[in-house]
Amino acid sequence: MKKTTTISLARTLFHIEEDAYTTLDTYLTAIKTHFAHHEDKEEILSDIEGRIAEHFSEEKGKIITLAIVESVTSAMGTIGQFDGSTSETVETSHTVVSKRMYRDPETRIIAGVASGIAWYLGVDRTIIRVLFVISLFFGGLGAVVYIVLWLVTPSAQTSAQQLEMRGEAVTLKAMSEVVKDRFKELDHERISTSAKSFGSAIERGAQHAASAIVPVLKAVLGFFVTFGALMAAATISVFAGLALFKFPQKFFGPEAASLLHGFEYTIVVLALYFSIVIPVIVVLLWGVSLLRKKSVLNKINVLAFASVWFIAIVAAGITTSRLAYKIDDKMMNDPSVIRQTVTTPLESFDSIVVSDSNDIEVVRGDVYSIKFTGSKRDIDMVNVTVADGALTISENDTPQAECLFCNRQRLSIVVTVPTVSRITLGDSSSLKADFNLADLTVLLEDSSRAVLSGSANTLNLTLKDSSHFNGGDYKVAYATVDIEDSSDALLDVSVRLIGEAHDSSSITYTGEPKVDVKTVNSSRVEKETAEETYSN
Amino acid sequence: MVTMEKEKEDVALAHAQMRKGMLEFCTLLIIEKDTAYVSDILKELKVADLIVVEGTLYPLLSRLKTEGLLEYSWQESPSGPPRKYYSLTDHGKKQLAQLKTIWKTLTTSINSLIKKD
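Line order of the protein sequences matches chains A and B. Under the working numbering, think of the first position of the first sequence as 604, with each following residue one higher. Under the working numbering, think of the first position of the second sequence as 482, with each following residue one higher.
Keep in mind that the hints were calculated from the coordinates and are not lab data. From the three backbone atoms N, C-alpha and C, an ideal C-beta is built for every residue, glycine too. All the given hints hold, so there is nothing to weed out.
Computed Cβ-Cβ distance ranges for the label pairs, DEER-style:
| no. | chain 1 | residue 1 | chain 2 | residue 2 | range |
| --- | --- | --- | --- | --- | --- |
| 1 | A | Leu-754 | B | Ala-495 | 53 to 59 Å |
| 2 | B | Lys-527 | A | Thr-609 | 27 to 33 Å |
| 3 | B | Lys-575 | A | Met-834 | 55 to 61 Å |
| 4 | B | Ala-495 | A | Val-726 | 51 to 57 Å |
| 5 | B | Ala-529 | A | Ser-674 | 20 to 26 Å |
| 6 | A | Ser-674 | B | Lys-487 | 25 to 31 Å |
No farther apart than 20 Å at their CA atoms in a straight line, the calculated lysine to aspartate or glutamate pairs in the DMTMM-like style are these:
| no. | chain 1 | residue 1 | chain 2 | residue 2 |
| --- | --- | --- | --- | --- |
| 7 | B | Lys-524 | A | Glu-662 |
| 8 | A | Lys-1067 | A | Asp-1049 |
| 9 | B | Lys-546 | A | Asp-650 |
| 10 | A | Lys-1035 | A | Asp-962 |
Excised from the complex, chain A in its bound form (with noise of 0.2 Å):
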């Protein structure tokens, strides 16, 4: 009785028996290692084995005996022989001993990780399983350590994969003996139910989920990619589009819009879209190669656009420059952001209405006349006009070019009058003066702060949404004062406050008038103490 097993020899099935096949795997592991370092080695084994299989097949469906398999391989001749007549770069490769990694399926308990680290240290396995086991204490580094290794080291399946991993010589005999333990090792599989079948379902179940998750997680991925990359390239190309033919003027100011048409912008604007659009395409095609499982992405495209990428790169950083430059030059010389001072004339007005977030400072002079400090196009902003005794400092309706990136100073207006009697802020307004007046009525709403100094017999002060009174320095003798709305007053009294404060207000005061102010809804009127500085 022989024990037979079946072989797939060039695509051919072939039952073979027991010391035939010890004989055919050692010899064409011979061949094997012969070859190994043949840059052909691939094609003159499967050659090779494909004419062993037309011997087999002159057989007829025999039985392959080890008769049959010593005249064919006799017929096909030994290493020695072959020496012949092959060429001379395969002569050195005869005793090449190397070592390498390997999991042992032959000594496994899992994968047969621990010991081929053991083989390849040459230590006993269980010191590097014991090693294994402890270092599962610490966060399971040594399980997830395992599951690497498990991914990236083969499986010793064939006789020479074993006696590397073993470190020794690949020798005929070394190799007989090897497939005989591999035979002996078979057995034993089959009668045992040891935990190393636990192990190999293990990893034919993982090989199995693998084989069917991956496809669906590159489809999914592509699709992924294509969708992300084909949005990144629409929207990059309607901005491209806009920059073209919907130059943004307001963040360059007139001026420079000058330089926003034409060849060079043209230029400027393509070699920024190729440069960042390219890299978007490559992608694309990337997430369609994923989808469609086969590669759209060869040589010769890469390449294309590789050149095109390089040369838009190149373009694009000397264009770019050159024009900035230049858009920096019409901005800082922009007539409408040069800074100028204006001084107008104005008729005479009993009282200030200032809006529209306007800074003004108040001094006292001869004649009404009003200062503007800025640029042109600030200056143009502002509307003033004279009627029924007030000046009106005001925004202008017409809408004017805006320059978002132009190096602008805030505006500064100065309001010189022979005296005033009201002054109304709104709109986040601001107002500082000096000035000693006899009787002054200030209105300040919609957060809106002033800093007075100078004196003035009474003053009348009304606060209203969160605005800021500072009159430290403002030195009064009446003051009446009306404020709400988490606003806040500083005065300087000497010898009467009376009002009312409202909803979350504080008016504090230095002097010693007689006080008497209405206090609601958790405000508070207090004298300026020592260590209490009031801050602006």
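Given the structure of chain A, go ahead and fit chain B onto it with the hints provided.
Chain B only, in chain A's frame:
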């Protein structure tokens, strides 16, 4: 004194050397006649007693292919897996023509050497 054994061995060695030198030339000649697959080539070489073991041919074919003298195409076989049919490239044909010239010169001179005996 040279023993019979040693004499036989030396002759066999010289024969092997000659075969070795001829093998490439003859293989090209066989393929030149008609495209051939390995079995055909081996059969002819065996008939001519130019090859002892079949394994010798594979590295040779691989080398000739790498040198650009041969190319092959796959063809279905009536029985078994598809076969590689080898043919000469243009480069191979040119080289073979040169080898033939050399061979003619060689045989002429060898024959004249033999006749002198």
